[in-house]
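**Student:** Using the sequences plus the hints, can you model the full thing?
Letter by letter, the sequence shown follows residues 1 to 219 of UniProt numbering.
Misleading hints may appear alongside valid ones.
Said to hold, decoys possible - Okay, derived cross-link-like pairs now, DSS-like style, lysine-lysine, Cα gap no bigger than 25 Å in a straight line:
1. K77 to K44
2. K77 to K154
3. K44 to K154
For the record, the hints were derived by calculation from the structure and aren't laboratory data.
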Amino acid sequence: MLPFMQENVDEVSVPKRKRGRPAKSVDQRNESARRMALVCVAAKQFRQRGFHGTSTRDIAAAAGIQAGSLFYFFESKEAILHAVMRDGMAQAAVAQAAALEALGSRASGVTRLEALIRNHLQIMVGPESDFIPVMLYEWRLLSPEQRLDVAEQKDAYEAQWMPVLQALYRTGKLKARPEIARLLIFGALNWTAQWYSDSGSLSLDELTDQSLALFIGER
Numbered sequence: 001m002l003p004f005m006q007e008n009v010d011e012v013s014v015p016k017r018k019r020g021r022p023a024k025s026v027d028q029r030n031e032s033a034r035r036m037a038l039v040c041v042a043a044k045q046f047r048q049r050g051f052h053g054t055s056t057r058d059i060a061a062a063a064g065i066q067a068g069s070l071f072y073f074f075e076s077k078e079a080i081l082h083a084v085m086r087d088g089m090a091q092a093a094v095a096q097a098a099a100l101e102a103l104g105s106r107a108s109g110v111t112r113l114e115a116l117i118r119n120h121l122q123i124m125v126g127p128e129s130d131f132i133p134v135m136l137y138e139w140r141l142l143s144p145e146q147r148l149d150v151a152e153q154k155d156a157y158e159a160q161w162m163p164v165l166q167a168l169y170r171t172g173k174l175k176a177r178p179e180i181a182r183l184l185i186f187g188a189l190n191w192t193a194q195w196y197s198d199s200g201s202l203s204l205d206e207l208t209d210q211s212l213a214l215f216i217g218e219r
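**Tutor:** Written out as structure tokens, the structure is:
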């Protein structure tokens with residue numbers, strides 16, 4: 001290397017490479033946002049019409065795009081269904097973790113259970129509540145591999161309830177065995193998707209209070 005070239009190289013500060021994943025480009029972020037928007041539209045269509053009653057044309061029309069454009073993001077209608085369930089469980093898990101974290105370490109077991117119930121009711125019957133009901137209704141239509149994938153997410157989500165239920169059981173506030181209580185609680189909360197209406201006389205907070213009273217009695 002010539003002397004003047006070496007001097008110039010020494011003077012140039014080479015930026016350090018950041019660790020971790022490279023930042024997404026604007027195009028990648030836009031594509032991710034468009035995909036998520038399509039999944040939301042598909043979730044609403046599947047919930048209203050059922051999987052077999054919904055065509056890819058229905059989803060595309062509701063999204064305001066050409067039917068063929070869907071297949072840029074998904075290889076089939078079954079793949080869209082899997083994405084609805086997978087994305088729904090991912091959102092539920094994030095919301096649940098945030099709800100627990102917001103309580104702090106000193107929150108009582110009853111307060112923690114209340115937060116878990118409130119969050120689950122929110123994803124079951126709240127304003128953006130199409131994802132999980134679709135999973136409950138259309139679960140059997142997934143391939144075995146897809147079912148296993150979503151089941152792992154579901155198990156991880158429900159596992160967050162066990163320490164809370166076990167603590168309540170030890171103090172006598174929860175009478176049923178924790179593993180049975182978990183199944184009964186989810187059965188009851190999931191069924192609200194069949195009968196609850198936000199236009200009725202019961203708010204989500206009031207529904208949470210009623211559910212908590214049913215499961216643990218006196219606070």
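**Student:** I'd like to know which numbered hints this structure contradicts. Please list them from smallest to largest.
**Tutor:** When the structure is compared with the hints, none of them turns out to be violated.
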